[in-house]
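J.: Chain by chain, the residues:
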Amino acid sequence: MKRNLAAIIVVAVVVALMLFAGVRSSHRPRPSGPALTPSEARGKEAPDFALKDLQGKQVRLSDFRGKAVLLDFWETTCGPCKVEIPWLVELQNQYRAQGLEIVGVALDDSGPANIQKFAKEMGMNYTILQGRDAVGDAYGVIGWPTTYFIDRSGKIVDADEGLVSRAEIENNIKKALSIS
Amino acid sequence: MRLKSSLLLLPLLLAYTCVAADDNPKLSRVYVSFEGASSATVVPGKPSEVELRFRVKDGYHINSNKPKSELLIPTTLKLEPPSDLASEGVMYPPGKDLSFPFDPSEKLNVYSDEFTVRAKLSADKKASPGNFTVHGQLNYQACSDNACFPPKNVPLQFDVKVARASTGHHGTPQSPHIR
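Residue numbers (our numbering), protein chains in the order written: chain A, 1 to 180; chain B, 1001 to 1179.
Bound-form chain A, shown alone:
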């Protein structure tokens, strides 16, 4: 009898722990769809999200459906991001007419005023959104820059973790635009 009671207690504790872990995990706010990782994202649908731009206007990723999107997670204190941003500025100019929309999600705690100041200094000519951790988590972002290339139908064609060469970024933009 005592042994049965001990077994019930053990099972009850374990079930309670599992429920706690499951509830904790499920309560993490995430945009639609399961979390991605950049290395396994190819061919998957880009999770939709809604974030505010630097003027406070809400922007959804799905607002850009029909265009190719370069989705760049970055931060103002990130050295490699500062190298990449001037390339993105040039590439936005170069491919805008063909339907490229670059969207920079600033995963930055410094606030919109500081992000705006940084963006102005860097001459950023593309959409900049105030990021939230939940969006970064949905895209498996563990460092910056992390860049996703999304085609006109909302499917991910490629992703890069960390800074890569300008040529590699441009190749992936062409893939997203379906041009060679």
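In case anyone wonders, no lab produced these hints; they're calculated from the structure. Watch out, some of these pointers could steer you wrong.
Unchecked claim - Simulated crosslink set (DSS-like; lysine-lysine; CA at most 25 angstroms straight-line):
(1) A/K120 <-> B/K1068
(2) A/K174 <-> A/K44
(3) B/K1068 <-> A/K117
(4) A/K82 <-> B/K1057
(5) B/K1107 <-> A/K117
(6) B/K1107 <-> A/K82
(7) A/K117 <-> B/K1066
(8) A/K174 <-> A/K67
(9) B/K1096 <-> A/K82
(10) A/K82 <-> B/K1066
Here the structure is a predicted model, which means the values were calculated and not measured.
Mind docking chain B on chain A? Use the hints.
T.: This is chain B only, laid out in the frame that chain A set:
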């Protein structure tokens, strides 16, 4: 028998629980570890220094306490001594001026491999002699050769011995040769 079966299942279920609860690699990554503190004895009225050793994971660097750009997050140490002790200041080592593949034209002032931060501690005149534990944390942002990671902190704790204050009644100094 049932109890045995339950106990056999326990490690598996606990492992599942741990994995489910800690599925965020962003939070679980550690780039700097606290390697320990030098032994420190503080006499009331006479501040003493303690050396705190840290190690940066291979392949990564963190900004020094005085990075070259105001945009970069400096490494800082915050101490929370118990009420009988006080922090009298933190002395950071100079960083190394290094450039990285992501921008060879710019040098950043960083800590990599091992570095030591010194902290000056004092004891209240009413502090009782004995061992005290000081808690604190090192705040930093780590980067690799091609990416940066969210700011993190490494918690730390070390012991400080408070010795009895000297009474001030010094006799005539005795020659070391006299036994």
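J.: Hints broken by the structure, by number, lowest first?
T.: none
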